[in-house]
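Note that the protein sequences, when read in sequence, are chains A and B.
Each residue of the first sequence is one higher than the one before, starting from 1 at the first, in our numbering.
Each residue of the second sequence is one higher than the one before, starting from 265 at the first, in our numbering.
Rather than coming from a laboratory, the hints here were simulated on the basis of the structure.
Be careful, since some hints might not be right.
Unchecked claim - Here are some, though not all, of the chain B residues that point toward chain A, as calculated from beta-carbon distances under 8 Å:
#, residue
1, PRO340
2, TYR341
3, ASN346
4, ALA353
5, PHE355
6, ASN418
7, SER419
To be verified - Simulated pairs of lysine-lysine, DSS-like, Cα-Cα distance not exceeding 27 Å:
#, chain 1, residue 1, chain 2, residue 2
8, B, LYS369, A, LYS159
9, B, LYS369, A, LYS174
10, B, LYS284, A, LYS159
11, A, LYS178, B, LYS372
12, B, LYS387, A, LYS178
13, B, LYS598, B, LYS660
14, B, LYS598, B, LYS536
15, A, LYS178, B, LYS438
16, B, LYS372, A, LYS174
17, B, LYS384, A, LYS174
No residue lacks a Cβ here, since even glycine has one placed at the ideal position from N, Cα and C.
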Amino acid sequence: MGKIKQFFGRRSSWSIPYLIFMLIFVVLPLVLVVLYAFRDPSGKFTFDNIRTFINEKESVNTLVYSIGIALITTIICILLGYPAAYILSNSKFRSASVMVALFLIPMFINVLMRTLATVALFGFMKVPLGQATLIFGMVYNYLPFMILPIYTVLQKIDKSYREAAQDLGADNVKVFTKVTLPLSMPGVVSGIMMVFMPTISTFAIAELLTMNNIKLFGTIIQENINNGMWNYGALLSLIMLILIVVTNLFNDDKEEASAAGGLI
Amino acid sequence: MKDSNFIISLDHISKWFGDKQVLNDVNLHVKKGEFITILGPSGCGKTTLLRILAGFVTPDEGTVEIGGEQMNSIPPYKRPVNTVFQRYALFPHLNVYDNVAFGLKLNKIPEEEIEQRVRKALKMVNMTDYEWRDVESLSGGQQQRVAIARALINSPEVLLLDEPLSALDHKMRKDMQIELKEIHEKLGVTFLYVTHDQEEALTLSDTIVVMNDGVIQQAGSPIDIYNEPVNAFVADFIGESNILNGTMICDRKVNFLGHDFDCVDEGFGENKPVDVVIRPEDIYLMEAPNKAGQFEGTVQSCVFQGIHYEITVITDEGYEIVIQDYNPFEAGMKVAMIIKPQDIQVMKKERTCNTFEGKLIDETHVEMLGIEFECLPQELWQGEKVDVLVDVDFDKVDLLDDIDNAELVGDVRFILYKGDHYFLTVMTEDRDNVYVATNDVWDERDLVGIKILPEDIHIRKAE
């Protein structure tokens, strides 16, 4: 009895349910993805899947296209999100918290619902669905993830830095380019992570907003798995995972992540 | 160039933040090359004054001139001043070299010259070899040095320093004071230094400007300010002092502590109430009885303070005074004391009783300080509301602990010990000052209820 009591008394013991959960739903699937990626349907070890991926132009093209769309989305999000965050963080802008709430409220509605509504809206306005509407949908859905980390960082920048720059002879433009912008970079990096990574892997938005005319990498994975091509699908998933891990490496600076309001 | 004698001229500067006036008609003229210190408690407006000079705050009234040119509408980046900020404000994304070079790079100065000047500036503050260090890896004192180098490298006409040493420990502060003084002498740049530390002000400055409640109380050399404070606030703020109520009997004769003393002050009139300041080191102690003694008392406590003893004496008349002496006097000992005429500083009293503006609203009620007070039946009442002035003696204002049931609440802003009682400045919620003489002990920032009895309210007609 004493030993059991001691076991449950230790704080580290409390993490066991969580560890079991992680093992079953995170680690095991990851191992399975790797195992499936290097097997044929009969279960034999093979590199055939990689060969198929390289030889079959469609998959590679889709991957490149997906990265391109993700990049464009991210860039538009920065261009729209940074000024928005800058205006919101300006202390003169008194109703900033209301505006932040306005940006966040749409986030409470499910992505699919929002996207379906967007599709209906485009249909109503007779806008043909295609690449442009796809990018619109992506930006619409992911913009708050860009604004929030930048806003958090900008808000934390001590105003004395701006004053010191002015004092040393910097006009408003120089204060921004030499001080505010460099100091807010952790927020931008954080925002890029939050936007770029999900946009590579998304498929629902693409499916709904282009009537399935444009395929993204996520769509191909989904199709393969739906059609029972488990092994090839696993390989594609593995490639995407590697891509996400590589993107993440650009953001390995722990200090910066914490400066970005702990959003990553 | 209107007046080339002064590098800084501030004329009739006033500033409000909301409905709070932080600066009230401030006039200040600073000579080129001077080391001037603005000294005052927190919230006295000294930092606002510095920020007006730097250009971060625009005054509501008055003119700012630097180097003979009007600066009111000139933005901070075009002013010939540089600032050392209280928390240094070094750019965390730049190293020491780039921080110091920041101002020069903005002015598009050739790279070679920048390098030369940065090295020179860093050498001046003893920070050579730190060029490539991350500013966040530096200690407080080192960051301070970098901040000074960064501000001085632009060769400003005036260097503004906003409590630059307040974040350093005592030893470091002493060292930096000496270095600052050396830098000032070497460069000949005008230094305008803001601090709440009177010792720092006395050590560093050519001129000290004492501020309180947005008003300049006194400006002068450290010695003048110490020896000839113009009012009780300055005397209390600079150094230790005994501040006592006195009566100017006639020229060169003043009564305080229950005795008549010879002094050197003239022109106060006859039998006029005054404040008297005696510095603790200016009272001479002897063992009683001694014929030379002017008055006598009993030692209450004697504490060694490193160089001297601080001795508290209760005089036979019941006043408590503080004396510094190189010799110890045991508690309980009878002592005799002498004060030399030239060591007695007599100051005009700013006021002898509270005077409030009010309005008589019926025969027995007067409205003042934002509420109604009951008063004795007034002859002034003619059936109509009338503007009046209300006099209340300092010792007739009662302060109460119980603020929940008090109609008028204020907080204690300033406490002066007058030897046998405390003199408090209490600010009401409507920002009116009520002056109170009391024997009770209160602390600064205490919230108190304010009560005045009907018979203590003296009403006269407003002019």
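Checked hints:
Interface restraint check for B:PRO340: the shortest CB-CB distance to chain A comes to about 4 Å, inside 8 Å, so the restraint holds. For B:TYR341, the interface hint holds, since its Cβ comes within 8 Å of a Cβ in chain A; the closest pair sits about 5 Å apart. With its C-beta approaching chain A no nearer than about 6 Å, B:ASN346 sits inside the 8 Å limit, and its interface hint holds. Of the supplied interface hints, the one on B:ALA353 holds, with its beta-carbon coming within about 4 Å of a beta-carbon of chain A, less than 8 Å.
Interface restraint check for B:PHE355: the shortest CB-CB distance to chain A comes to about 6 Å, inside 8 Å, so the restraint holds. Annotation: interface hint on B:ASN418 holds; nearest CB of chain A at approximately 6 Å, less than 8 Å. Annotation: interface hint on B:SER419 violated; nearest CB of chain A at approximately 12 Å, more than 8 Å. About 21 Å separates the Cα atoms of B:LYS369 and A:LYS159, which keeps this hinted pair within 27 Å; it holds.
For the given pair, B:LYS369 sits about 11 Å from A:LYS174 by alpha-carbon distance, which is consistent with the 27 Å threshold. Pair hint B:LYS284 plus A:LYS159 holds up; C-alpha atoms about 23 Å apart against a cutoff of 27 Å. For a cut-off of 27 Å, the pair hint linking A:LYS178 to B:LYS372 stands: about 14 Å separates their Cα positions. Between the alpha carbons of B:LYS387 and A:LYS178 the distance comes to roughly 26 Å, so the proposed pair stays at or under 27 Å and holds.
Straight-line distance between C-alpha atoms of B:LYS598 and B:LYS660 comes to about 35 Å, which puts the hinted pair past the 27 Å bound. Our distance criterion of 27 Å between C-alpha atoms is broken by B:LYS598 and B:LYS536, whose separation comes to about 32 Å. At roughly 35 Å between alpha-carbon atoms, A:LYS178 and B:LYS438 are farther apart than 27 Å, so this suggested pair is violated. This hinted pair checks out: B:LYS372 and A:LYS174 have alpha carbons roughly 13 Å apart, not beyond 27 Å.
At most 27 Å may separate the alpha-carbon atoms for a hinted pair to count; B:LYS384 and A:LYS174 meet this at roughly 25 Å.
Checked against the numbered hints given earlier, this structure breaks hints 7, 13, 14, 15; the rest are met.
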